Amino acid sequence: MSTVFIALQTNEETRPIIEAIVEDNPHARVNEAPAMVKIDADGRLVVKRSSIEERLGRDFDLQELHINLISLSGNIEEDEDQMILAWKN
Amino acid sequence: MDMQVAKKKLGLKEKYQVMTRDLDWTPTYQKMEDIYPYVQYEGIKIHDWDRWEDPFRLTMDAYWKYQAEKEKKLYAIIDAYAQNNGHLNVTDARYINTVKLFLTGVSPLEYMAHRGFAHVGRAFPGPGPRVACLMQSLDEMRHFQTQVHAISNYNKYYNGFHDFRKWHDRVWYLSVPKSFFDDAITAGPFEFIVAIGFSFEYVLTNLLFVPFVSGAAYNGDMGTMAYGFSAQSDEARHMTLGLEVIKFILEQDPANLPIVQRWIDKWTWRGYRVLTLVAMMMDYMLPKRTMSWKEAWEIYFEENGGALFRDLARYGIRMPKCAETIAFEKDHLSHQAWCTFYNYTAATAFHTWLPNEDEMQWLSAKYPDSFDKYYRPRFDFWREQAAKGNRFYNTTLPMLCQTCQVPLFFTEPGDPTKICYRETDYKGMKYHFCSDHCKEIFEHEPEKYVQAWLPVHQIYQGNCFPEGTDPTAEGFDPLKAVLQWYNIIHGRDNLDFEGSEDQRNFAAWRAQATRNV
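Quick note, the sequences are listed as chains A and B, same order.
Under my numbering, the first residue of the first sequence carries the number 1, and numbering increases by one thereafter.
Under my numbering, the first residue of the second sequence carries the number 1, and numbering increases by one thereafter.
Derived by calculation from the structure, the hints in this document are not laboratory data.
Since no wrong hints were added, every one of them can be taken at face value.
Once the Cα atoms are required to be at most 25 Å apart in a straight line, the calculated PhoX-like pairs of lysine-lysine come out as:
| id | chain 1 | residue 1 | chain 2 | residue 2 |
| --- | --- | --- | --- | --- |
| 1 | A | K48 | B | K13 |
| 2 | B | K8 | A | K48 |
| 3 | B | K65 | A | K48 |
These figures come from a predicted structure and were not determined experimentally.
Bound conformation, chain A alone (with noise of 0.2 Å):
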């Protein structure tokens, strides 16, 4: 199965980010590497925006990942409330 990743600077506003998706993404992969964090994982990925409102206990709009997103791969496909990045084969 083909993989797709999420890669994100390690900082204090991504952490909390980052802890969200692990949860939600039970098969990922955290690779830790210097300044930045890439979460792997086989065919699909999903970013809840729940998720990390809970963590940051605020609202969050899902179009601030931009600020710290370093990279990702895969089709894209988001709505206000996931965004979910997934190869079709």
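Based on the hints, put chain B in the right spot on chain A.
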């Protein structure tokens, strides 16, 4: 009195509709083909521009808001870095040469990308891609400006930064990235966006920015890390645009497939050749290494690119043809490039050096099939010669590839001891190439590539000396004249790192920073 009625906030999809499609209109007194004259001639057929969808659905209002936030973060770090004499915290002064290479080789491409995306955004009749191209065009301008700002701090202290823009236009090794982008922006709008948006941004950009920025973090360069990550935060959107472009074009008409496949083959190879400089930077120029070029290639091209091309197989797209050649070269690329630069560093605006014993052990471990057998003996020999006072600087100009403009130093697929030469005849002239792929690209569009401005040819034709130079005068030194025309100061900006002014200054300033003298 007017009552304030709370309006329902638009959802993401509605907002995207309102801020892209609803801003468009159908012209009535001008013909579409007069307004958009460049969308037909490449042969790409688009039937319905409204099928275009930006998966992020980013609109201009949100774009300004998030970009402003990125800029504030970035400039706070750049200021802190400068205020704290951050340049003295890098691992060692050799590292600074990677920043020189980036500023002269990569930053001017950001500016060209700004122009390119402005141009194609204007050329496309669909409002969706127009808005996406507008944002990318602004991003690229931002990248160029922030890189120049951040790196200007190094220019206050170190050599090899003072005339980067001129060097990009004139210096021999910089014609490799320059001609790559000139090739792209002189193509049609669809080829440009496949070349840069897909082949470069989606398939290859992770190999440029992620190792470079991670390398900066590893080597204590907070300034470069900050502008690198700030630029990279836009790249995810650029990559997404690149992927959407391919899917959109392929879904519009089956006749588009062979055209797009040819572009993917061409531009993956063109981009890969430019990344030769990155391969060398990762394996030789970072004092503290993050990962080898080979490892980065395996993760970002073989693994991720593999997944991408399996996904695109449903449209009939296959892996670029050059992937096999590249797989062979991954054990050799960085070594061959660094050996070449070590030989030609009399004509470069940065310093080179021989890898020390620790570094050679790292290279052996990362390249068990090639380093000890083919490359360590060369470094040992050169070290021995240098110790005897025979440091050899090559001043004979190399033959260049007509397509990628890299000197012919790559070896035959399957034989790393034999230089690869290819040639072809066109209208009574002979043209030379580094590989079958570059030869094939030329043969498909010879009228374009015969116009290439090849630095070596230009030097031999006498076009790269200061005005008034007399090459027939007794004792004429062509290298000296070329360096004057480049505005590279001989003995200061070029030659070995060992013994350089950069090395002496860094050591003296670092000592001052840690002692009360």
